[in-house]
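Just so you know, the protein sequences line up as chains A and B, in that order.
Residue numbers are given in the working numbering: position 219 of the first sequence equals residue 219, and the series is strictly consecutive.
Residue numbers are given in the working numbering: position 98 of the second sequence equals residue 98, and the series is strictly consecutive.
Don't read these hints as lab results, they were simulated from the structure.
Misleading hints may appear alongside valid ones.
Identical copies go unnamed one by one, so any copy, or any two together, can satisfy a pair.
What the hints assert, rightly or not - Capping the alpha-carbon separation at 25 Å, the derived lysine to any residue pairs in SDA-like fashion look like this:
hint: 1; residue 1: Lys196; residue 2: Gly72
hint: 2; residue 1: Lys71; residue 2: Ala146
hint: 3; residue 1: Lys200; residue 2: Gln166
hint: 4; residue 1: Lys232; residue 2: Glu93
hint: 5; residue 1: Lys71; residue 2: Lys196
hint: 6; residue 1: Lys67; residue 2: Ala146
hint: 7; residue 1: Lys250; residue 2: Pro178
hint: 8; residue 1: Lys67; residue 2: Ser231
hint: 9; residue 1: Lys71; residue 2: Asn154
hint: 10; residue 1: Lys196; residue 2: Pro161
There are 2 protein chains.
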Amino acid sequence: MTPFEFRQLIRSQTHTGPTAGFCPGYAQANLVVLPRDLAYDFLLFAQRNPKSCPLLEVTDTGSRFLKDIAKGADIATDLPKYRVYEHGVMTGEYTDVSHLWRDDLVSFLIGCSFSFEGELLETGVPVRHIEQNCNVPMYLTNIPCAPAGVFKGNMVVSMRPMPYDQIVKSVLVTGAMPKVHGAPVHIGNPSVIGIKDVNKPDFGDAVTIKDGEVPVFWPCGVTPQAALMASKPAFAITHAPGHMLVTDVKNIDLKY
Amino acid sequence: MTPFEFRQLIRSQTHTGPTAGFCPGYAQANLVVLPRDLAYDFLLFAQRNPKSCPLLEVTDTGSRFLKDIAKGADIATDLPKYRVYEHGVMTGEYTDVSHLWRDDLVSFLIGCSFSFEGELLETGVPVRHIEQNCNVPMYLTNIPCAPAGVFKGNMVVSMRPMPYDQIVKSVLVTGAMPKVHGAPVHIGNPSVIGIKDVNKPDFGDAVTIKDGEVPVFWPCGVTPQAALMASKPAFAITHAPGHMLVTDVKNIDLKY
Chain A
1 MTPFEFRQLI RSQTHTGPTA GFCPGYAQAN LVVLPRDLAY DFLLFAQRNP
51 KSCPLLEVTD TGSRFLKDIA KGADIATDLP KYRVYEHGVM TGEYTDVSHL
101 WRDDLVSFLI GCSFSFEGEL LETGVPVRHI EQNCNVPMYL TNIPCAPAGV
151 FKGNMVVSMR PMPYDQIVKS VLVTGAMPKV HGAPVHIGNP SVIGIKDVNK
201 PDFGDAVTIK DGEVPVFWPC GVTPQAALMA SKPAFAITHA PGHMLVTDVK
251 NIDLKY
Chain B
1 MTPFEFRQLI RSQTHTGPTA GFCPGYAQAN LVVLPRDLAY DFLLFAQRNP
51 KSCPLLEVTD TGSRFLKDIA KGADIATDLP KYRVYEHGVM TGEYTDVSHL
101 WRDDLVSFLI GCSFSFEGEL LETGVPVRHI EQNCNVPMYL TNIPCAPAGV
151 FKGNMVVSMR PMPYDQIVKS VLVTGAMPKV HGAPVHIGNP SVIGIKDVNK
201 PDFGDAVTIK DGEVPVFWPC GVTPQAALMA SKPAFAITHA PGHMLVTDVK
251 NIDLKY
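Between the sequences and the hints, there should be enough to build the whole structure, so can you do that?
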């Protein structure tokens with residue numbers, strides 16, 4: 001099934017579940033939709049924090065349609081599930097947000113670690129939370145983001161444990177993909193970046209760190225979401241966790 | 001002389017000339033200053049056209065001071081020469097623009113090919129316009145930029161001729177520096193990208209292409225300047241050609 005075909009199943013609400021595992025090899029993207037009066041600050045936040053907020057595409061104001069990463073995709077119907085927030089509080093989950101669309105909305109499509117995990121697996125680096133069939137562990141750090149207008153906060157990171165002899169390879173593989181978070185932000189000692197207990201993630205699930213394994217931390221797309229929600233925006237739409245946009249861009253093309 | 005020391009000489013108007021050749025190894029940046037009402041479109045244009053418009057820093061609205069690439073640098077005094085435009089027409093050249101500063105101005109610092117030329121020379125790739133002590137040849141192409149709001153236009157490219165056996169190295173060296181335009185956009189046949197006569201550049205100076213040499217084309221920072229001027233903005237400040245901001249960032253650090 002091509003990403004286009006899969007998006008048609010989503011548009012017709014034939015598929016309303018998570019997107020993980022569908023259209024392997026193609027990038028999936030996080031979604032943030034904001035009114036134009038917040039869009040400048042958010043765009044600036046992304047420019048200043050590209051590792052945690054790598055933008056794959058930003059729509060024209062009011063347009064529901066993508067032109068680049070998924071030509072013709074309709075933002076309001078082509079993701080399987082959305083969350084709507086008012087003043088920072090979730091007010092609903094929907095499989096279609098056409099009825100909520102407004103002429104002042106701007107959509108931000110943000111690169112996702114699914115893409116580099118595919119490359120890590122290809123080269124033989126283990127991805128523990130995939131092995132354990134759970135969500136990736138994520139942590140709030142003491143690394144400040146560069147603030148922009150109303151948006152500020154510390155970086156959220158995701159963690160993948162691995163044996164020492166896989167670290168260099170994982171840095172090189174992910175470092176070549178800056179559009180999907182790029183290289184790790186820390187390797188080895190969680191306390192250095194303000195993480196008290198690596199077995200108690202702030203978001204997602206804990207995973208096993210085997211004897212002789214090292215925790216490796218990457219900037220995480222939850223960072224901009226956390227900064228956004230902390231600002232209690234009057235109106236915002238995001239994808240529901242795990243229910244992403246499946247794009248027409250191959251992961252391997254995110255290197256160029 | 002450190003970049004900080006050099007900027008003090010510029011601030012005191014002891015140095016008012018071009019910046020090429022000063023503080024070798026440190027990145028220099030192009031400057032575009034726009035009112036806030038145009039800044040969103042320009043930021044979006046840069047997001048959509050990162051190869052020709054790689055942003056190194058964007059200031060807070062109204063602030064004259066940089067926080068990242070040249071901590072404490074004053075945008076209004078620390079470049080040796082500025083040009084002021086009103087409705088797309090140049091209305092003045094100044095060595096200080098403090099008296100023109102407004103609370104609604106946003107400054108964009110844009111990466112510059114000086115940085116990758118330093119790396120090319122380091123690895124033994126010839127840079128002809130430096131050898132010939134003239135400006136780099138630049139051409140308007142048939143490659144459309146992704147438009148954003150009021151900004152649109154085709155890509156402008158710069159050209160460096162080289163022997164066949166230097167092409168691969170030059171792609172790898174510059175491809176590793178996406179913050180300063182990155183890899184070439186075309187190698188070999190100028191007509192493919194809409195250039196009629198490689199000996200008649202649209203901007204800058206013609207350079208010698210020796211027998212057996214191939215013209216190699218890179219996205220150029222004149223692209224956003226051309227798109228900006230075509231929109232005839234009510235007010236804009238730019239650096240005067242060759243009179244750039246000298247940053248505290250080493251060229252080699254632009255790889256990471």
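Cross-check of the supplied hints:
1. Lys196 - Gly72: neither (45 Å within a copy, 34 Å between copies)
2. Lys71 - Ala146: between (32 Å within a copy, 14 Å between copies)
3. Lys200 - Gln166: For Lys200 and Gln166, only the intra-copy Cα distance (24 Å) is at most 25 Å; the inter-copy one is 52 Å.
4. Lys232 - Glu93: Classified as within: same-chain Cα gap 18 Å, cross-chain 44 Å, threshold 25 Å.
5. Lys71 - Lys196: Neither: 44 Å inside a copy, 32 Å across copies.
6. Lys67 - Ala146: between (29 Å within a copy, 10 Å between copies)
7. Lys250 - Pro178: both (14 Å within a copy, 20 Å between copies)
8. Lys67 - Ser231: Classified as between: cross-chain Cα gap 23 Å, same-chain 29 Å, threshold 25 Å.
9. Lys71 - Asn154: Between copies only: 21 Å across chains, 34 Å inside a chain, cut-off 25 Å.
10. Lys196 - Pro161: within (16 Å within a copy, 55 Å between copies)
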